[in-house]
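Q: Sequence:
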Amino acid sequence: MLCIHEDSTLDQILQSASVSKARGIAVALNNDHDNLFVTMSIRTLNH
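Numbering (our numbering), first residue to last: 1 to 47.
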């Protein structure tokens, strides 16, 4: 399991973590807006 301890709202951070190769993702940030934003960013990177 990979944990990101940086600003996951930045595409560069998500790309460096190779989220496009992930089989599953758990997003657990402090607020729903950021959770949704990161989830949609990952979805965009995977397509």
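Be aware that a few hints might be false.
[To be verified] Okay, derived cross-link-like pairs now, SDA-like style, lysine to any residue, Cα gap no bigger than 25 Å in a straight line:
1) Lys-21 x Asp-7
2) Lys-21 x Glu-6
3) Lys-21 x Thr-9
4) Lys-21 x Ser-8
5) Lys-21 x Leu-45
6) Lys-21 x Leu-36
7) Lys-21 x His-5
8) Lys-21 x Ile-4
9) Lys-21 x Leu-10
10) Lys-21 x Ile-42
11) Lys-21 x Phe-37
12) Lys-21 x Cys-3
13) Lys-21 x Arg-43
14) Lys-21 x Thr-44
15) Lys-21 x Asp-34
16) Lys-21 x Thr-39
17) Lys-21 x Asn-35
18) Lys-21 x Asp-11
19) Lys-21 x Ser-41
20) Lys-21 x Asn-46
21) Lys-21 x Met-40
22) Lys-21 x Met-1
23) Lys-21 x Leu-2
Please keep in mind that the hints were generated in silico from the structure rather than gathered at the bench.
Keep in mind it's a predicted model, so treat the numbers as computed, not measured.
Q: Each of the hints needs a verdict: does it hold here or not?
A: For each hint, the structure was consulted:
Note on Lys-21 and Asp-7: the hinted pairing holds, with a Cα-Cα distance of about 19 Å set against a maximum of 25 Å. With a CA separation close to 19 Å, the supplied pair Lys-21 and Glu-6 stays within the 25 Å bound. Annotation: proposed proximity of Lys-21 to Thr-9 holds, straight-line Cα distance about 18 Å (limit 25 Å). In summary, the hint linking Lys-21 to Ser-8 is supported, as the alpha carbons are separated by about 16 Å, within the 25 Å threshold.
A distance of roughly 10 Å separates the Cα atoms of Lys-21 and Leu-45; the hinted pair therefore holds under the 25 Å criterion. For the hint pairing Lys-21 with Leu-36, the CA-to-CA distance comes to about 20 Å; that is within 25 Å, so the pair holds. At roughly 18 Å between alpha-carbon atoms, Lys-21 and His-5 fall within 25 Å of each other, so this suggested pair holds. Of the supplied pair hints, the one linking Lys-21 and Ile-4 holds, its CA atoms being roughly 15 Å apart against a limit of 25 Å.
For the hint pairing Lys-21 with Leu-10, the CA-to-CA distance comes to about 17 Å; that is within 25 Å, so the pair holds. Straight-line distance between C-alpha atoms of Lys-21 and Ile-42 comes to about 10 Å, which keeps the hinted pair within the 25 Å bound. At roughly 19 Å between alpha-carbon atoms, Lys-21 and Phe-37 fall within 25 Å of each other, so this suggested pair holds. Restraint check for Lys-21 and Cys-3: satisfied, since their Cα atoms lie roughly 14 Å apart, inside the 25 Å limit.
The hinted pair formed by Lys-21 and Arg-43 meets the criterion: a straight-line CA distance of about 11 Å does not exceed 25 Å. Distance hint between Lys-21 and Thr-44 is fulfilled; the C-alpha atoms sit about 13 Å from each other, no more than 25 Å. Proximity of Lys-21 to Asp-34 is assessed by CA-CA distance (about 21 Å); at most 25 Å being required, the pair is judged to hold. Note on Lys-21 and Thr-39: the hinted pairing holds, with a Cα-Cα distance of about 15 Å set against a maximum of 25 Å.
For the proposed pair Lys-21 and Asn-35, the alpha carbon gap of about 19 Å is at most 25 Å, so the pair holds. Distance check on the hinted pair: Lys-21 and Asp-11 sit about 14 Å apart at the alpha-carbon level, within 25 Å; holds. A distance of roughly 14 Å separates the Cα atoms of Lys-21 and Ser-41; the hinted pair therefore holds under the 25 Å criterion. Of the pairs offered as hints, the one joining Lys-21 and Asn-46 holds, with about 8 Å between alpha carbons and a cut-off of 25 Å not exceeded.
Restraint check: the Cα-Cα separation between Lys-21 and Met-40 comes to about 15 Å, which is no more than 25 Å; the hinted pair holds. A hinted pair counts as satisfied when its Cα atoms are at most 25 Å apart, and Lys-21 with Met-1 qualifies at roughly 13 Å. For the hint linking Lys-21 to Leu-2, the alpha-carbon distance of about 12 Å falls within 25 Å, and the restraint holds.
In this structure, every one of the numbered hints holds.
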